[in-house]
Amino acid sequence: MTNHFIDMVNADVVMIMGSNTAENHPIATKWITRTKERGALILNVDPRFTRTSTFADVYCKIRSGTDIAFVNGMINYALQNDFIQREYVVNYTNAPCIIREDFAYTDGLFSGYDPAKRSYDKTTWAYELDGAGLPRRDETLQHPRCVYQLMKTFFARYDPDTVCRITGSPKDDYEKICRHYTSTWAPDRVGTWLYAMGTTQHTHGTQNIRSYSVLQTLLGNVGLAGGGINALRGESNVQGSTDMGLLFHILTGYLGSPTVPDQTLADYLERLVPKTKDPKSANWWGNYPKYITSLTKAWWGQYGTPENGFGFDYLPKAAGNCSHIALFEAMYDGKIKGLMLFGQNPAVGGPNSNKERAALDKLEWMVAVDLFETDTSVFWKRPGVNPADIKTEVFLLPACSSVEKEGSISSSGRWVQWRYAASHPIGESRSDLWILDALAKSLKKAYAAGGAFPDPIVKLNWDYGSGPEVDLHTEPDAHRVAREINGYFLADKVVNEKSFKKGDQVPSFAFLQDDGSTACGCWIYCGSYAGPEKKDNKMARRDKTDAPNKIGLFPNWAWCWPVNRRIIYNRASCDPSGRPWDPKRWVVRWNAETKKWEGDVPDGPWPPEEKHPFIMRPDGYAALFAPALAEGPFPEHYEPLESPLRNFMSSQQINPAIKLWHKDKPDMNPVGDASEFPIVGTTYRVSEHWQAGAMTRNVPWLCELVPDVFVEVGPALAKIKGIKNGDRVIVKSARGRMEAYALVTNRFQRFHCGDQIVHQIGIVWHFGYAGLATGDSANLLTAHIGDANTMIPEYKAFLCDIERKEVVPA
Amino acid sequence: MKAMLIDTTRCVGCRGCQVACKQWNGLPAEETVFFGGPGYQNPRDLSGKTWTLITYNEAQVGDHYDWVYGKLQCMHCQEPACAASCPTSAMEKLPEGPVVYHPNQCLGCRYCMLACPFQVIRFDWFSANPYVSKCTMCADRVLSGQEPACVKACPTDALVFGDREVLIAEAHHRIEDNPRKYVHHVFGEHEVGGTCVLHLSTVPFELLGYRSDLPEKSLRRWTEPAMKPIPYIVVALSLALGGVAWIVNRRDKRLVEKWTKQVKEMQ
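If you're matching them up, the sequences are chains C and X in order. Okay, so the first sequence: first residue is 1 according to the working numbering, each after it adds one. Okay, so the second sequence: first residue is 1 according to the working numbering, each after it adds one.
Simulated from the structure, these hints should not be mistaken for laboratory data. Glycine included, each C-beta is placed from N, C-alpha and C at the ideal position. One should not assume that every hint holds.
Far from chain C, by Cβ distances over 10 Å, these chain X residues were calculated [what the hints assert, rightly or not]:
#: 1; residue: GLY39
#: 2; residue: GLN78
#: 3; residue: LYS217
Below, a list of computed lysine-lysine pairs in the DSSO-like style, where the Cα atoms sit at most 27 Å apart [as the list claims (entries may be wrong)]:
#: 4; chain 1: X; residue 1: LYS22; chain 2: C; residue 2: LYS30
#: 5; chain 1: C; residue 1: LYS721; chain 2: C; residue 2: LYS30
#: 6; chain 1: C; residue 1: LYS362; chain 2: C; residue 2: LYS665
#: 7; chain 1: X; residue 1: LYS181; chain 2: C; residue 2: LYS176
#: 8; chain 1: C; residue 1: LYS337; chain 2: C; residue 2: LYS665
#: 9; chain 1: X; residue 1: LYS181; chain 2: X; residue 2: LYS152
#: 10; chain 1: C; residue 1: LYS459; chain 2: C; residue 2: LYS290
#: 11; chain 1: C; residue 1: LYS665; chain 2: C; residue 2: LYS721
#: 12; chain 1: C; residue 1: LYS544; chain 2: X; residue 2: LYS253
#: 13; chain 1: C; residue 1: LYS663; chain 2: C; residue 2: LYS362
#: 14; chain 1: C; residue 1: LYS493; chain 2: C; residue 2: LYS290
#: 15; chain 1: X; residue 1: LYS152; chain 2: C; residue 2: LYS30
#: 16; chain 1: C; residue 1: LYS171; chain 2: X; residue 2: LYS181
#: 17; chain 1: C; residue 1: LYS337; chain 2: C; residue 2: LYS122
#: 18; chain 1: C; residue 1: LYS538; chain 2: C; residue 2: LYS290
#: 19; chain 1: C; residue 1: LYS362; chain 2: C; residue 2: LYS122
#: 20; chain 1: C; residue 1: LYS501; chain 2: C; residue 2: LYS550
#: 21; chain 1: X; residue 1: LYS181; chain 2: C; residue 2: LYS30
Going by beta-carbon spacing under 7 Å, a handful of chain X positions derived as facing chain C [claimed, not checked]:
#: 22; residue: ARG10
#: 23; residue: VAL12
#: 24; residue: VAL19
#: 25; residue: TRP24
#: 26; residue: ALA29
#: 27; residue: ASN42
#: 28; residue: PRO155
Bound-form chain C, shown alone (with noise of 0.2 Å):
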């Protein structure tokens, strides 16, 4: 999230797409229910009305997998009326820049596209470069090449027929939809933007959340209060995961993963470290070398020496993509002999279940850490297989629950809170921190004895607290653990004229070094536990007090990451002078007596003129045309893997630059078509269950509410199929068949695009063979394909098939 959950109540508008709030954040809906009260509208686009839709003002439905259309419809209809904040605009973002002549858009396809390689050669998409080195601007927006008006060209495409024809929308209600929310591009109106996992898994998941950014920055919506992009995160604590480098491709504090290219830090940092000749520019990721060398400074300690780039050397190197999908078809393949899963159930949670459980068959060894016995950890003995023939040897480890532990956690809003434990462990189940602390000790001693290349354990500075030895009772100290995240000085140091002593904590990121006399586990965390004792841990504060503008930013509770900015880019909250867009809820503003900005956290003590505001961007401008994404600089549609209509946009029907899993690794990869499968089937969550069901299939009160898997279908598709409430039906893909109780409800209606019909069905996903209530996953029928720029799975539209199960008379 740029802003955080309170901030929901300072929005006009506040707009749902891709995000079922109200059951999978119930929480969250507190403070949207809030800002209705205060009149705020709030407007839901989704393929089902669902308990979101229930407090919404206006409810849209969308086909499965078209967002993007329906979003460039909406960019479109700002562009056209002129419904833009345009200082914002012209200052701020990098609409008045001219891009190179060679830049080019046809059919589907930008400039570059080699189809061998399903990608694209970036060249083109770049600035016209002025004598300086800086990109040539024209703020009057008129130059045919520049961004703003190669939008308009783009983005005309997407007219309201179009549109509705693609998403099947009703044209009064998308109309609705872009007439309120566009209301948000005068300075004194802001409309926030929530989105989940309706937008993300999908083949072109990345590029729905572009067109999301866009239309908000067009709007000059992002940095202030009640506006910005939230993602409202899948789990509770999944901000705290991805901060702490979980993904494949990232290190803590969301640094690049090395990869074999990457042989020496020099290297790496030619790789990442991007530039910029623009003075006005902070181009905060110059600061690059600090991070990775504190990083890495933090691991090794002192065998983190020049010579080997202070540890980096020690760090791997992955060669290709290791996501979700791609270590599961090499598991298939038998290249990957042993797993560990802290708190995942694939054999649930992953796409393609059929291929993904036979995968774990092939495995020597598995390692389950959980709460409860899970699908995934019991695979051995699933449905339709023979223990007997399955070899893997299974570990399952007794983890302890979030309330029987201390550490911290992180909100979807950045706000790193610290827990205590409330209870003991029940019997002897241990914390993850535990558990991995215990690993590392064994490994450090098994490696002591040598091994391929035992320095980076042999040498891994660790030591938290509970001694040498392993010892079941001794647990370690997740204080130690805050305090090398925040970081500490390793050696006495005069930084910005203040002197420091060795081992002192560091107070802020912008303290630390690149000669390696600072450690940090993760920048962005700095300033959280800035100093040894308990009292110092920023985190563990409950202060209720809030700041001065009275905009909900409580400062004083818990802490907030980076540097306890609560809305990050709140320099774009204010006009170029300083003064704020709306002095109603303003965010930051210029003091010109005191020369200091007041308020919130501001992005850079800099004055408002000097430095501008999107620091994280090279350029310092938000990126309307962005290089960054594999599939284009703007967001065109596509339509998903499986669909039942053709594109009416171009002759490219999917994502040009996603990998084909299916022709490269066709074995139980099938894709279906819709002359067999013609019904648009999508997944999703209740608030009874959570996940793959784990930890509520095994309550019994859960249960009682949501016992069995179901299956949402349309009256209208009901009738055709023969389908009454209750019955149970069977689901079919190309991959895979289910069971489940059909729900017919009107909250389901199909969908006219253009002169076709589409049906769509929605179904519940937590579900597997494990626990007390079982059924079915809704996984057997999605297909290994991901997002072109992260590889997350397209859970939310695949083509399926329906039918009524007899039920022969006993």
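Starting from the known structure of chain C, arrange chain X on it as the hints suggest.
Positioned in the frame of chain C, the structure of chain X alone reads:
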């Protein structure tokens, strides 16, 4: 007197209240299949194990489709008919608001079930030693200054707890502030003499499963005259039936003696 205000326009149907109720009161889960009612409703109805239940109701509101939630539970009447109908005072209205149940005083006559105008009291049919049961407004919590468990769990403040007068004023404020949103009626303000559970809704209350034909006056005026003579009737009936039993038993005893004698004679 304390009360609870349920604003269905704030409810998002998450059912945190339903689970919190079972957790606090130690009520077991029911075994369910699919869904027991419209939408995601489960179980089918209130029971000895389920004291509060969220209902999912599909409705046409003006020109658009809507899905509205109701919350069924004991309404904690100001002058509860159940208490008035109870021959042994097993149901008791506390001055703080809750209507509580004392199982050790219960005869098992189930008059309270018949008397309840909201049909929220349930009998444990499957128990060998059955009791009636219903929501207690978490009287144990309320008496120690806390709000009921369901209110505590509600993430959107659809449930709020406080002084009844204050909540009634709050409910009227909400209607005045949003006259187009709400039905202009605070359900429970006057029904059957007033209740300590108050409802606000966007749709007619019948749609949420509440009766619109309830009188404003307390039902005690019906139950009390009927119930007042009951102790006397019970005593008189016991004596009379005891007498009948004595006579019948004596006759039976004599007959048995006579038949035994005859059988012996035949042998």
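Outcome of the hint check:
no., hint, result
1, GLY39, "7 Å, violated"
2, GLN78, "29 Å, holds"
3, LYS217, "34 Å, holds"
4, LYS22/X with LYS30/C, "23 Å, holds"
5, LYS721/C with LYS30/C, "40 Å, violated"
6, LYS362/C with LYS665/C, "17 Å, holds"
7, LYS181/X with LYS176/C, "20 Å, holds"
8, LYS337/C with LYS665/C, "19 Å, holds"
9, LYS181/X with LYS152/X, "26 Å, holds"
10, LYS459/C with LYS290/C, "21 Å, holds"
11, LYS665/C with LYS721/C, "34 Å, violated"
12, LYS544/C with LYS253/X, "82 Å, violated"
13, LYS663/C with LYS362/C, "22 Å, holds"
14, LYS493/C with LYS290/C, "15 Å, holds"
15, LYS152/X with LYS30/C, "14 Å, holds"
16, LYS171/C with LYS181/X, "25 Å, holds"
17, LYS337/C with LYS122/C, "38 Å, violated"
18, LYS538/C with LYS290/C, "23 Å, holds"
19, LYS362/C with LYS122/C, "40 Å, violated"
20, LYS501/C with LYS550/C, "38 Å, violated"
21, LYS181/X with LYS30/C, "18 Å, holds"
22, ARG10, "5 Å, holds"
23, VAL12, "4 Å, holds"
24, VAL19, "5 Å, holds"
25, TRP24, "12 Å, violated"
26, ALA29, "3 Å, holds"
27, ASN42, "5 Å, holds"
28, PRO155, "4 Å, holds"
Hint violations for this structure: numbers 1, 5, 11, 12, 17, 19, 20 and 25, all remaining hints satisfied.
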